[in-house]
Amino acid sequence: MFLGKVIGTVWSTKKDENLVGSKLLIIRQLDLDLKEKQSFVVAVDSVGAGEGEIVLVATGSSARQTNITRNKPVDAVVMAIVDKFDISLKKKLEAETNN
Amino acid sequence: MFLGKVIGTVWSTKKDENLVGSKLLIIRQLDLDLKEKQSFVVAVDSVGAGEGEIVLVATGSSARQTNITRNKPVDAVVMAIVDKFDISLKKKLEAETNN
Amino acid sequence: MFLGKVIGTVWSTKKDENLVGSKLLIIRQLDLDLKEKQSFVVAVDSVGAGEGEIVLVATGSSARQTNITRNKPVDAVVMAIVDKFDISLKKKLEAETNN
Amino acid sequence: MFLGKVIGTVWSTKKDENLVGSKLLIIRQLDLDLKEKQSFVVAVDSVGAGEGEIVLVATGSSARQTNITRNKPVDAVVMAIVDKFDISLKKKLEAETNN
Amino acid sequence: MFLGKVIGTVWSTKKDENLVGSKLLIIRQLDLDLKEKQSFVVAVDSVGAGEGEIVLVATGSSARQTNITRNKPVDAVVMAIVDKFDISLKKKLEAETNN
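Those protein sequences? They're chains A, B, C, D and E, same order as listed. Counting from 1, one number per residue, gives the positions in the first sequence under my numbering. Counting from 1, one number per residue, gives the positions in the second sequence under my numbering. Counting from 1, one number per residue, gives the positions in the third sequence under my numbering. Counting from 1, one number per residue, gives the positions in the fourth sequence under my numbering. Counting from 1, one number per residue, gives the positions in the fifth sequence under my numbering.
It is worth saying that the hints were derived from the structure and are not from the lab. Quick caveat, the model's predicted, so the values are computed rather than measured. Hints are not guaranteed to be accurate.
Chain copies aren't distinguished; within one or between two, either way the pair holds.
Said to hold, decoys possible - Here are the simulated lysine-lysine pairs, PhoX-like style, with alpha carbons at most 25 Å apart:
#: 1; residue 1: LYS35; residue 2: LYS14
#: 2; residue 1: LYS84; residue 2: LYS37
#: 3; residue 1: LYS14; residue 2: LYS84
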């Protein structure tokens with residue numbers, strides 16, 4: 001999964017009939033410092049994520065393994081909202097090698 | 001899914017027999033400002049998208065989950081035409097950090 | 001699918017038994033101006049493509065959806081030979097924004 | 001599979017119901033000299049990997065082929081802890097071509 | 001499939017139970033001139049490839065379509081050893097456009 005932030009929504013009237021009712025979120029990828037990268041995807045929401053929240057996105061066929069996305073033509077799903085992101089080891093290493 | 005714009009069509013006579021009748025669109029990837037990026041794919045149309053329209057493209061096995069693409073050797077499908085693309089949060093953030 | 005040009009062939013004696021008889025083509029990726037990019041893949045031929053021809057390549061599990069590749073360990077297949085590639089819209093836009 | 005190092009953990013309360021109990025690790029990709037690259041993924045642990053350990057990560061649908069991840073919306077799994085990583089050939093070649 | 005060279009081996013004791021007995025090879029990607037690129041993967045061997053040999057690697061779900069990898073959490077397999085790699089067309093084109 002990749003780490004992302006919900007930054008917007010996509011509206012579509014003319015779409016695959018199986019997608020009616022699915023919420024399409026715009027997710028910007030985050031780096032390890034939680035800064036936004038340039039890349040983004042449009043993903044179906046399966047956990048009620050809101051704008052500004054930090055989430056995990058599963059892609060490919062794995063994106064179809066939720067009750068909301070099963071058998072639908074979607075290749076990205078928000079399947080978790082992140083509470084805490086602990087990279088203490090990273091910070092420890094950086095402190096040791098800092099110069 | 002990624003955001004793209006329909007910029008053309010591919011014609012092919014000699015192709016997998018299951019693809020007869022499928023419309024093959026050339027889709028250029030868009031960034032968050034809806035500017036065209038260099039990358040593009042050829043995708044099957046499943047929603048009647050026309051040249052110049054902004055669309056969503058699903059890739060991989062998910063591209064075979066529409067009535068038009070099921071069990072066919074295609075790895076990209078246009079499965080939605082975009083009506084509105086709301087990234088107000090992004091703009092808000094940029095305004096705050098603008099210098 | 002991506003757009004490519006057949007530029008060569010790979011021969012292999014020691015290979016998965018299901019691949020006996022499959023023709024392995026070297027396909028170089030093309031940009032929108034049909035110029036060759038650096039990236040290339042080795043793909044199974046399912047449509048009788050010859051050297052120099054412009055083709056479409058499907059990748060991933062979709063590459064196994066032809067009669068020639070079904071259930072085989074291949075992740076790229078040539079599934080169409082391109083007759084015509086129409087990006088008139090792109091050219092129109094470029095003419096308008098040319099400076 | 002790609003080579004990575006476990007550098008942290010992600011906590012999530014609001015997530016797909018099938019993910020309850022799965023441990024989510026932050027894995028940074030390594031190069032051939034075992035130096036950390038910029039890219040990282042969040043992967044489910046299936047082998048009891050701890051922080052600082054060097055592991056292999058399988059992605060895509062292959063990430064769902066363990067007892068812990070089957071049928072779940074996850075696209076990356078830690079499926080092996082690396083004991084030894086032997087690239088003696090690489091070193092030999094570099095010694096020969098060194099100038 | 002991509003073209004690669006076997007440059008080493010990975011040993012792992014603690015791994016998914018289905019991987020016991022599978023040989024894990026380190027494969028470095030090659031360009032069209034058979035020069036090694038920076039990128040590499042760890043792939044299961046299904047054809048008895050040895051160090052220094054030039055091989056083809058299939059990735060994703062296609063990597064699970066050999067007798068050795070079926071239903072296992074692996075996303076890359078060596079499924080052919082390359083005997084000959086013919087890109088005469090490429091050389092011809094380069095000769096013509098050389099300046």
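Tested hints:
1. LYS35 <-> LYS14: between (34 Å within a copy, 22 Å between copies)
2. LYS84 <-> LYS37: For LYS84 and LYS37, the Cα distance is within 25 Å both inside one copy (20 Å) and across copies (23 Å).
3. LYS14 <-> LYS84: between (38 Å within a copy, 12 Å between copies)
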